[in-house]
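Undergrad: Sequence:
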Amino acid sequence: MRADQIPLSRGVFERLTALAMDVPAVLKQAGLPADLIGQTRVVLTTSQFFNLWRAAEALYDDPSLGLRLGDGARQEVYDVVSLAALHSATLGEAIQKLARYKRLTCPEDISIELSRDDAAVSARWMLAEGHAPHFLIDAVFAAHLALAERGTGRSIRLKRLELTRRPTATEVLHGHFHCELRFNAAQDRIVYERADLDLPFITHDQDHLARLLPTLEASLQEQSATTSLRDKVWNVLARGMRGSHLRMAQVADALHLSPRTLQRKLGEAGTSYQQLLDQVRRHLAQRLLNATDLDTGEIAFLLGFEELNSFNRAFRQWEGETPTRWRSTIAG
Numbered sequence: 035m036r037a038d039q040i041p042l043s044r045g046v047f048e049r050l051t052a053l054a055m056d057v058p059a060v061l062k063q064a065g066l067p068a069d070l071i072g073q074t075r076v077v078l079t080t081s082q083f084f085n086l087w088r089a090a091e092a093l094y095d096d097p098s099l100g101l102r103l104g105d106g107a108r109q110e111v112y113d114v115v116s117l118a119a120l121h122s123a124t125l126g127e128a129i130q131k132l133a134r135y136k137r138l139t140c141p142e143d144i145s146i147e148l149s150r151d152d153a154a155v156s157a158r159w160m161l162a163e164g165h166a167p168h169f170l171i172d173a174v175f176a177a178h179l180a181l182a183e184r185g186t187g188r189s190i191r192l193k194r195l196e197l198t199r200r201p202t203a204t205e206v207l208h209g210h211f212h213c214e215l216r217f218n219a220a221q222d223r224i225v226y227e228r229a230d231l232d233l234p235f236i237t238h239d240q241d242h243l244a245r246l247l248p249t250l251e252a253s254l255q256e257q258s259a260t261t262s263l264r265d266k267v268w269n270v271l272a273r274g275m276r277g278s279h280l281r282m283a284q285v286a287d288a289l290h291l292s293p294r295t296l297q298r299k300l301g302e303a304g305t306s307y308q309q310l311l312d313q314v315r316r317h318l319a320q321r322l323l324n325a326t327d328l329d330t331g332e333i334a335f336l337l338g339f340e341e342l343n344s345f346n347r348a349f350r351q352w353e354g355e356t357p358t359r360w361r362s363t364i365a366g
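Numbers given in the numbering used here equal positions in the sequence shown, counted from 1, plus 34.
Treat the hints with care, since some could be wrong.
List time: in silico SDA-like cross-link candidates among lysine to any residue, alpha-carbon distance up to 20 angstroms [to be verified]:
1) 62 / 167
2) 136 / 293
3) 299 / 247
4) 266 / 127
5) 193 / 205
6) 136 / 273
7) 266 / 134
8) 266 / 160
9) 136 / 245
10) 136 / 212
11) 266 / 243
12) 299 / 318
13) 136 / 329
14) 193 / 258
15) 136 / 92
16) 136 / 280
17) 193 / 213
18) 266 / 297
19) 136 / 126
20) 193 / 245
21) 136 / 150
22) 136 / 43
23) 136 / 249
24) 136 / 151
25) 266 / 299
26) 193 / 204
27) 266 / 205
28) 62 / 48
29) 299 / 317
30) 136 / 258
31) 193 / 212
32) 62 / 72
33) 136 / 297
34) 62 / 79
35) 193 / 154
36) 136 / 174
37) 266 / 204
38) 193 / 126
39) 193 / 136
40) 299 / 243
No lab work stands behind these hints: they were computed from the structure.
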């Protein structure tokens, strides 16, 4: 099982203080001990981490706070993975390093989807229950853009920002990212012009990379060896849940296994491909119904159901009621 550990840099508390936030009050609101501020190494679970940002949202009705927190990446780098990205040769290489190594520092999965004109970078918290706080998502994407502009030494013109939330704070978000905003999205994604991936980094430092990468690669191999097959399959399915139904052969190929071997190993682990597919679909269905205004037909499509009736039947088996009624119940 993946370790549910998120190390929190002391720089985060300093940054929150610099934003005129009462950190002890935020910790209290989050149900976290006040002495975290003085600890040398703070490690939170995903639930605690989310509670921290939800507490900040509750105490400070300022939609710019997450953006300003993430923008701190223009001056500081909080972890070794971001440092490796900053020392990359190009923007594309930097994004690839974030996608490859980010899960070493916390259970956050970053994936890249390339089309002819777009390079979409999505962030997903692998051990999250419920939707990530808006404050956190804004901070993550603001940090992505800040690192890209710091590395290239120039302004980056994003194509768009896709957010799995109902329309909110549109003026603040547009004022920061200066791009198209798409709400009620299937995933939280920041989308670059694909051509911008070739932009060189003025912060490129090959010697520093040569010292960092062997350690990162060794840590990645160690983590992969201790990650269960169930978790690996879950991650592949969740990444690919964008209007298509990943077949077992596709998942097996992504994990460098034959379909027969994957089926056998999942059976030995007490589960099956279909069970995991249902679990991923159920998890994402709940999140989309709760956090967005997407209608049930759109959600059914995103989860790979060929017909709305099939989605309705599956959801009733999971929750005992239709998706529409479940959404109404959650909304109160």
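Undergrad: Please go over all the hints and tell whether each is borne out by the structure.
TA: Hints, verified against the model:
Using a Cα cut-off of 20 angstroms, the hinted pair residue 62 and residue 167 holds, with the two alpha carbons roughly 17 angstroms apart. For the given pair, residue 136 sits about 28 angstroms from residue 293 by alpha-carbon distance, which is inconsistent with the 20 angstroms threshold. A C-alpha spacing of about 31 angstroms is found between residue 299 and residue 247, which places the hinted pair above 20 angstroms, so the restraint is violated. The straight-line distance between the Cα atoms of residue 266 and residue 127 is roughly 24 angstroms, outside the 20 angstroms bound, and the hint therefore fails.
This hinted pair checks out: residue 193 and residue 205 have alpha carbons roughly 17 angstroms apart, not beyond 20 angstroms. For the given pair, residue 136 sits about 15 angstroms from residue 273 by alpha-carbon distance, which is consistent with the 20 angstroms threshold. With a C-alpha separation of about 14 angstroms, the suggested pairing of residue 266 with residue 134 holds against the 20 angstroms cut-off. At roughly 11 angstroms between alpha-carbon atoms, residue 266 and residue 160 fall within 20 angstroms of each other, so this suggested pair holds.
About 18 angstroms separates the Cα atoms of residue 136 and residue 245, which keeps this hinted pair within 20 angstroms; it holds. Distance check on the hinted pair: residue 136 and residue 212 sit about 26 angstroms apart at the alpha-carbon level, beyond 20 angstroms; violated. Of the supplied pair hints, the one linking residue 266 and residue 243 is violated, its CA atoms being roughly 28 angstroms apart against a limit of 20 angstroms. Taking the CA atoms of residue 299 and residue 318, the gap is about 25 angstroms. The hint is violated against a cut of 20 angstroms.
The hinted pair formed by residue 136 and residue 329 fails the criterion: a straight-line CA distance of about 33 angstroms is larger than 20 angstroms. At most 20 angstroms may separate the alpha-carbon atoms for a hinted pair to count; residue 193 and residue 258 exceed this at roughly 34 angstroms. With a CA separation close to 28 angstroms, the supplied pair residue 136 and residue 92 exceeds the 20 angstroms bound. Proximity of residue 136 to residue 280 is assessed by CA-CA distance (about 24 angstroms); at most 20 angstroms being required, the pair is judged violated.
A threshold of 20 angstroms between alpha carbons decides the hint, and for residue 193 with residue 213 the separation of about 6 angstroms falls inside it, so the pair holds. This hinted pair checks out: residue 266 and residue 297 have alpha carbons roughly 13 angstroms apart, not beyond 20 angstroms. Between the alpha carbons of residue 136 and residue 126 the distance comes to roughly 15 angstroms, so the proposed pair stays at or under 20 angstroms and holds. For the suggested pair residue 193 and residue 245, the alpha carbons sit about 34 angstroms apart, so the restraint of at most 20 angstroms is broken.
This hinted pair does not check out: residue 136 and residue 150 have alpha carbons roughly 25 angstroms apart, beyond 20 angstroms. Distance restraint check for residue 136 and residue 43: the Cα-Cα separation of roughly 15 angstroms lies within the 20 angstroms cut-off, and the hinted pair is therefore satisfied. A C-alpha spacing of about 14 angstroms is found between residue 136 and residue 249, which places the hinted pair at or below 20 angstroms, so the restraint holds. About 25 angstroms separates the Cα atoms of residue 136 and residue 151, which puts this hinted pair outside 20 angstroms; it is violated.
Between residue 266 and residue 299 the alpha-carbon distance is near 12 angstroms, which keeps this suggested pair within the 20 angstroms criterion. At roughly 16 angstroms between alpha-carbon atoms, residue 193 and residue 204 fall within 20 angstroms of each other, so this suggested pair holds. The hinted pair formed by residue 266 and residue 205 fails the criterion: a straight-line CA distance of about 39 angstroms is larger than 20 angstroms. With a C-alpha separation of about 17 angstroms, the suggested pairing of residue 62 with residue 48 holds against the 20 angstroms cut-off.
Proposed proximity of residue 299 and residue 317 is contradicted: the alpha carbons are some 23 angstroms apart, above 20 angstroms. Of the supplied pair hints, the one linking residue 136 and residue 258 holds, its CA atoms being roughly 13 angstroms apart against a limit of 20 angstroms. Among the hinted pairs, residue 193 with residue 212 is consistent with the structure: their alpha-carbon atoms are about 9 angstroms apart, no more than 20 angstroms. A threshold of 20 angstroms between alpha carbons decides the hint, and for residue 62 with residue 72 the separation of about 15 angstroms falls inside it, so the pair holds.
A hinted pair counts as satisfied when its Cα atoms are at most 20 angstroms apart, and residue 136 with residue 297 does not qualify at roughly 29 angstroms. Distance check on the hinted pair: residue 62 and residue 79 sit about 16 angstroms apart at the alpha-carbon level, within 20 angstroms; holds. Of the supplied pair hints, the one linking residue 193 and residue 154 holds, its CA atoms being roughly 9 angstroms apart against a limit of 20 angstroms. A C-alpha spacing of about 12 angstroms is found between residue 136 and residue 174, which places the hinted pair at or below 20 angstroms, so the restraint holds.
Our distance criterion of 20 angstroms between C-alpha atoms is broken by residue 266 and residue 204, whose separation comes to about 36 angstroms. Under the criterion of a C-alpha separation no larger than 20 angstroms, the hint pairing residue 193 with residue 126 is consistent with the structure, at around 15 angstroms. Note on residue 193 and residue 136: the hinted pairing is violated, with a Cα-Cα distance of about 23 angstroms set against a maximum of 20 angstroms. For a cut-off of 20 angstroms, the pair hint linking residue 299 to residue 243 is broken: about 37 angstroms separates their Cα positions.
Hint check: violations occur at hints 2, 3, 4, 10, 11, 12, 13, 14, 15, 16, 20, 21, 24, 27, 29, 33, 37, 39 and 40; the rest are consistent with the structure.
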